[in-house]
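Protein chains: 2
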Amino acid sequence: MSLPKLNGFPEEKLTGEQISALQSAARDARISAVTMVAAAKSGHPAGAFSSMEMFLSVFGVARNLTAPQSDLGERDFVVVSHGHTSAGAYAALAAWGFVERDEVRAHFRHCHSAFQGHVTREVPGIDWGTGNLGQGLSAGVGFALAQRARGHRGRAYVLMGDGGQPKGQLAEARRVAVKEKLTNVVALVDWNNIQINGDRETVMPCSLRAIWEADGWEAVECDGHSFPALYEALRTAGQRGKPTVLLCHTVMGKDGGPMEGIPDYHGKAPSPEVYAQVVKGLGGDPEVLTRALEARKSAPEYKGREVTLPPVPSLDLGTPRTYEGPKASDNRGAFGKALADIGALNYKKNDRTPILVFDCDLAPSVMTGGFRDACPENYVQCGIQEHNTATASGAAASTGVVSVWADFGVFGIDEVYNQQRLNDINHAGNKTILTHVGLDVGEDGKTHQCIDYVGLMRNMFGWKLVVPIDPNQTDRATRWMLSTPGCICLAVGRSKLNTVTAQDGKPLFAGNYRFEYGKAVKLRQGRDGTIFALGAMSQTALEAAELLAKEGVEVTVWGVSCPLEVDLKALKEAAQGPILTVEDHHVDTGMGAIMALTAVREGVKLDKFRTLGVSRYGTSGSSGDVYADMGLSASGIAAAFREF
Amino acid sequence: MSLPKLNGFPEEKLTGEQISALQSAARDARISAVTMVAAAKSGHPAGAFSSMEMFLSVFGVARNLTAPQSDLGERDFVVVSHGHTSAGAYAALAAWGFVERDEVRAHFRHCHSAFQGHVTREVPGIDWGTGNLGQGLSAGVGFALAQRARGHRGRAYVLMGDGGQPKGQLAEARRVAVKEKLTNVVALVDWNNIQINGDRETVMPCSLRAIWEADGWEAVECDGHSFPALYEALRTAGQRGKPTVLLCHTVMGKDGGPMEGIPDYHGKAPSPEVYAQVVKGLGGDPEVLTRALEARKSAPEYKGREVTLPPVPSLDLGTPRTYEGPKASDNRGAFGKALADIGALNYKKNDRTPILVFDCDLAPSVMTGGFRDACPENYVQCGIQEHNTATASGAAASTGVVSVWADFGVFGIDEVYNQQRLNDINHAGNKTILTHVGLDVGEDGKTHQCIDYVGLMRNMFGWKLVVPIDPNQTDRATRWMLSTPGCICLAVGRSKLNTVTAQDGKPLFAGNYRFEYGKAVKLRQGRDGTIFALGAMSQTALEAAELLAKEGVEVTVWGVSCPLEVDLKALKEAAQGPILTVEDHHVDTGMGAIMALTAVREGVKLDKFRTLGVSRYGTSGSSGDVYADMGLSASGIAAAFREF
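In order, the protein sequences belong to chains A and B.
Using the working numbering, read the first sequence as starting at 1 and increasing by one per residue.
Using the working numbering, read the second sequence as starting at 1001 and increasing by one per residue.
Simulated from the structure, these hints should not be mistaken for laboratory data.
A few of these clues could be false.
Some residues of chain A that are not near chain B, with every Cβ distance over 12 Å (derived) [what the hints assert, rightly or not]:
{"id": "1", "residue": "Gln23"}
{"id": "2", "residue": "Arg109"}
{"id": "3", "residue": "His152"}
{"id": "4", "residue": "Ser271"}
{"id": "5", "residue": "Glu273"}
{"id": "6", "residue": "Ala295"}
{"id": "7", "residue": "Arg305"}
{"id": "8", "residue": "Pro326"}
{"id": "9", "residue": "Gly511"}
{"id": "10", "residue": "Asn512"}
{"id": "11", "residue": "Tyr513"}
{"id": "12", "residue": "Gly590"}
Where chain B lies over chain A, by a calculated footprint (3+ residues, C-beta under 8 Å) [stated by the list, open to error]:
{"id": "13", "segment": "125–138"}
{"id": "14", "segment": "207–218"}
{"id": "15", "segment": "332–346"}
{"id": "16", "segment": "417–426"}
{"id": "17", "segment": "548–556"}
{"id": "18", "segment": "580–589"}
Pairs of lysine-lysine residues, derived as DSBU-like cross-links and limited to a Cα-Cα distance of at most 35 Å, are as follows [stated by the list, open to error]:
{"id": "19", "chain 1": "A", "residue 1": "Lys522", "chain 2": "B", "residue 2": "Lys1496"}
{"id": "20", "chain 1": "A", "residue 1": "Lys303", "chain 2": "B", "residue 2": "Lys1496"}
{"id": "21", "chain 1": "B", "residue 1": "Lys1605", "chain 2": "A", "residue 2": "Lys608"}
Note that the structure is a prediction, hence the values are computed from the model and not measured.
Glycine included, C-beta positions come from ideal geometry on N, C-alpha and C.
Construct all of the structure, not just a fragment, from the sequences and the given hints.
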């Protein structure tokens, strides 16, 4: 019996024939799911069975899921937030023809197969790779915001388990959905009341209805194993002006015979005997497993679809601004002005990529107020809820809108490292601006000094990081960032800066200068050694060079704005003399450490190499005092160089 | 008028005289607060004014705040979660005599002063350093759990702003407080309805009463500027069997004349004119500022109290277990058994330090079930709420109980990096066990592979990290960890391991072996070069050495279990020949990178040095397949060595 078309809810109610076809598909999909887990000897069968009718219903009604994420229109999104129930999701996708049933049964959790242990975007129908609980609803919020920015209303369906409901990030996502009136977000909770350690109310009591309603959602309880009930609830969701959650009453391991209701099968494969009982109970033939295991002897052929970064944005990048003279601007201000410029030039132009800017109640400090005023409908105030914002801005970016989130360094990366890691894994391509990084948040003290952002970004594989040297470079790096695919982080301090000039006195990063990722910039030429300085610390390094020059010591100064990429040519040139690296960053995990490792790998001999940076948590005081206290004033740098 | 003693609520109601004295103190404390901010030209005056009666009331009623945190008894705890209102907290502490008023007025946010921009434990009366919003309630939960573990019921007062209420971590803390019946936790929200971007209901609508009640708290609304109302609400909190939150209606910048109700003064110092108006309005003399500025010309004398790690625990460490033979145990199992052993030996012995073990619904995987069964009252099941757990386990540890949290690597550090950073800053001394680290979570795939824990820990200054080589070393490292002060992380994989033997065939980490932090262990001696391997990867490295030996290539193998500390002697010895570093960790941020930097700094010449590790997100499959795919099988390691 083939499955009926349900996309976009063609009828008000399912017919008896449709229901029979779906029930038959559910039996077959459960056989697929348990076969996958048995073949892989690993996986999460009980949740897969519990969510099966939810999976089949959502993948059935959702529209155009195989279109690229950037091709919005009538496209819906599906987020499987309880990514460990992947066997159920893949089985349901196979039932609807998204993937091949036999391929899935044979190659679940098989090295190089598309069908990984936790759902990934490589599988058609899966819009967000998950597995770390609590992030999925934020991804749904991000998709809905991206839809709105493009003038569409496609839905975002988010399926979740009940055990993960207490995660705090969910509450954040709920509030943003309500505030932004995202009635096109539809959440489904698999309410089977069992989690790893047993009964949900014993492990962590939490009234599901109360917490969703407290945040302003409409909560609808329904039988999570009834196709007509799910169809009706899904069809009418959001019609009453609120985002809707379906609290789906289910049975863990439903229709799984000896697995039904047993917490142990949360994450355990069935024995051959249990497997046979389960499959027979579903009206199937346990030989299915034999065939799957036979096929599994070969390497998986199907690798899934290729997931790439979102397309290059179409934007008018305007004309760079030029700042001149001492203390002309702070870098965050230069970022804010460039962002506002580009926002205004492209706002509501239908042929251009929309820009979405996220704020967590810090607009006056992170300088996104100019954009907000120019493009009010594309500015999303998320309140003090960074975890949701990190994921939502990532998911929105993955649809191809230019998604920008500016926050203090400690909130934009330290607080949400794992969310940014998942964004990287998902090839999201979001842009994060970290302000007040390094010691340049002075008085706010150690809890607010973000001295680890290079080290954190270095732990991921896809992020690019730019730490501009002056406002002119910040302006140009901002325009570059907004027009470049990929996850990119721009990190700036708080204080007003000088305009860096060439030896001829002209602004170095103005005129024909174009920002080029990965290239260090030689600011001064000397014969007695080299200082590599990170971002705005280059300005202090230049002052140190002047102090040294007065003593007849002439140093070359390189400004490094891309610490994750070592400019090998510059390093080799400098290695002939002493090298001092200077950064207001943890001295063991920043630019200096990266240069040392690169030198060792590349066989560049470093006879005299010293790293100057942050070697303990900083003090609280004026920026000048805090830098001096850490040995990072101009005289501190000069003194360190003199030790060679 | 001197302040009346209120500690422990001596009377049912405040007298008129007491109220007058408090009101007078509030006026003087507001003068202190605005003077601090004006003298520092930086700070957050409006919130300080808004919370002033709350601060004075709480610091007034709390008992024995100046006792060491480990000296519980009738000691209460105070957490100022909105740490940016530090000027208000310090002013109130000065009013009660915890610190010197003139010292505070002069040296707020002054380099090396105790009075940092965000509250820190160096100031007597402050029990937890904060500033990153949303963590304070979790700290209060941790203090209350520690109290209970010691058989006491001292209260934990947690003061918060309203802008930070949407942070998800708060919901997690609320639920744990209710589940654990922590009626001794009393929360106070400064409900002034204004945050940085303006009106709270516009920035992020959130029904304060609804969200606290949905999680099972008693919510009491009161006038946050009325001493009698605050006294009554504080006195009766928790008497009705639930944790209680006081939703304190306040006015931002209250009694601050031109600052009152103006969002801009959230984080801005007043101009001299505004300052004078404010002080005059409070019946004070603006000359106060002149005197403060005069005193500020000198460096601050008062550095605050010294904050040290919690004391060495008193525990019976029992007898180490010895595992023999192939696949004798997994390291997580060896950890779990040692923990359960020590738990049983010390449970409910009054002369011993209590051990608290936290779980986030993963006990069967992280192997804390043995402890739970032996010590049920010291086991805290927190559900899937890692942010709260990280902070609560840290705060509990800071009181001197042995506080242990075991979780998958990606949840115990990636997800909660910032909470662990604040634990470090607070000298908490908590113990975190990361299980399933590296690629050894195989089938679960890239979202669950924790390949960055060394790099993350390396970004902080206080953490120690141990990655044991086999179950015997895990057992001994566990016993060492539980008896050693400081933040310590034990990181283990999932798979069953062999017992590592010396060349004589006897278990190497058994018998008289004692774990020594920072020491690498030579597992095999060879003449043709050296492999340094991280933790359990040492076992694969030994297999690689056997493969190479068959070809006549003899390599030295060092097992490294303390990657943050380079064993310089071993490195120097090895540097005479080729060195290969091997780890199932990000190849740019792990052990190899740390060794390279150390070599460069120490002038150790590395002619042939290669780092083998994780160079992209891993695949999903059996551990063997996933390692082989990354070039980290025995044959992959041997092949890499052959390239020298």
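Fill in: Non-interface claim for Arg305(A) versus chain B (Cβ beyond 12 Å)
Arg305(A) is indeed farther than 12 Å from all Cβ atoms of chain B, at 16 Å.
Worksheet entry | Interface-negative label, Arg109(A) against chain B, beta-carbon threshold 12 Å | It is violated; Arg109(A) is separated from chain B by about 4 Å at its closest Cβ, not greater than 12 Å.
Worksheet item: Are 3 or more residues of the segment 580–589 of chain A near chain B, judged by a Cβ distance of less than 8 Å?
Response: holds (count 3)
Worksheet entry | Whether Gln23(A) stays farther than 12 Å from all C-beta atoms of chain B, as the label says | holds (30 Å)
Item to complete: Run the C-beta distances from Gly511(A) to all of chain B and say if the shortest one exceeds 12 Å.
Response: holds (35 Å)
Worksheet item: Is Lys1605(B) within 35 Å of Lys608(A), Cα to Cα?
Response: Judged against 35 Å, a Cα distance of about 12 Å means the pair holds.
Fill in: Within 8 Å of chain B (C-beta), three or more residues of the segment 125–138 of chain A
holds (count 6)
Worksheet item: Taking the closest pair, is the beta carbon of Tyr513(A) still more than 12 Å from chain B?
Response: holds (30 Å)
Worksheet item: Once the closest CB in chain B is found, is it more than 12 Å from Gly590(A)?
Response: Since the minimum Cβ distance to chain B is about 9 Å, Gly590(A) lies within 12 Å and the statement is violated.
Worksheet item: Is the nearest Cβ of chain B still more than 12 Å from the Cβ of Asn512(A)?
Response: The claim stands: Asn512(A) keeps its Cβ more than 12 Å from every Cβ of chain B (closest is about 34 Å).
Worksheet item: Would the least Cβ to Cβ distance between His152(A) and chain B come out above 12 Å?
Response: Consistent with the label, His152(A) stays out of reach of chain B, its closest Cβ about 25 Å off (over 12 Å).
Worksheet entry | Glu273(A) non-interfacial with respect to chain B [C-beta, more than 12 Å] | holds (22 Å)
Figure legend: structure checked against the earlier numbered hints; hints not met, in rising order: 2, 12, 15, 17, 19.
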